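Counted the way our numbering counts, the sequence shown spans residues 31 to 253.
Rather than coming from a laboratory, the hints here were simulated on the basis of the structure. Quick caveat, the model's predicted, so the values are computed rather than measured. Careful: at least some of the hints might be erroneous.
What the hints assert, rightly or not - Heads up, simulated DSSO-like pairs for lysine-lysine below, C-alpha to C-alpha not over 27 Å straight-line:
1) K216 / K187
2) K187 / K203
3) K216 / K203
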Amino acid sequence: MADKKEISGDAGVLVIGLGRFGSSIAMTLARLGHDVLAAEKSPDLVAQWAGRVPVVEADATNPDALEQLGIRDYPVVVVGVGSFLEASVLVTGNLVDLGVPQIWAKAVSAEHGRILQRIGAHHVVFPEADAGNRVAHLVSGRLMDYFEVEDGFTVVKMRPPRETQGFTIEQSKIRERYGVTVIGVKPPGEDFIYATPTTRISANDLLVVSGHSELLERFASRP
């Protein structure tokens, strides 16, 4: 799998498919100032999004249509048609054949993801599975936000366990006892501050903590 590179401010991004995933990607990239073009096969979706993001009606399963879109001018392409397996594979295969440097493709299952990787997608994402995993962690404990970075390394926002309240991070020995690191603390009504050994934790604070997901779950389960 290719290394991820940052998108420069003037780089073009082509988003194929304007379902919930593709439209969210296109809108966010446009808001961030990137040059975005969306390609959508459905006339109804083209009409729905026209005026909100730059969009053209095109069938990306056809290599000629991609050529007409100027595909070689786009260093990054997002394939958001994951719910339609055949179309997803055809579009991704076309992009690989045309030499697109970065292909991000949505998958709806592990098998689908393996197929996309085998035909050459550089990055495969599982938005439904990722969202389900995140929500499961949020509803099962005191975690208020949960973001898995890679290979189990996770950053969470949580309420402080009772045993840490009123003590500094150094006094609480959170790292030594639980193997996780407090990155920042947010007192009520104030901005987040980077944590230091002398940062004192209060009952109403919010903590931003990093570490392996299993260790974070153990720490968050403390009363």
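Hints, verified against the model:
With a C-alpha separation of about 10 Å, the suggested pairing of K216 with K187 holds against the 27 Å cut-off. Between the alpha carbons of K187 and K203 the distance comes to roughly 19 Å, so the proposed pair stays at or under 27 Å and holds. Taken as a hint, the K216 and K203 pair is honoured in the structure, with Cα atoms around 19 Å apart against an allowance of 27 Å.
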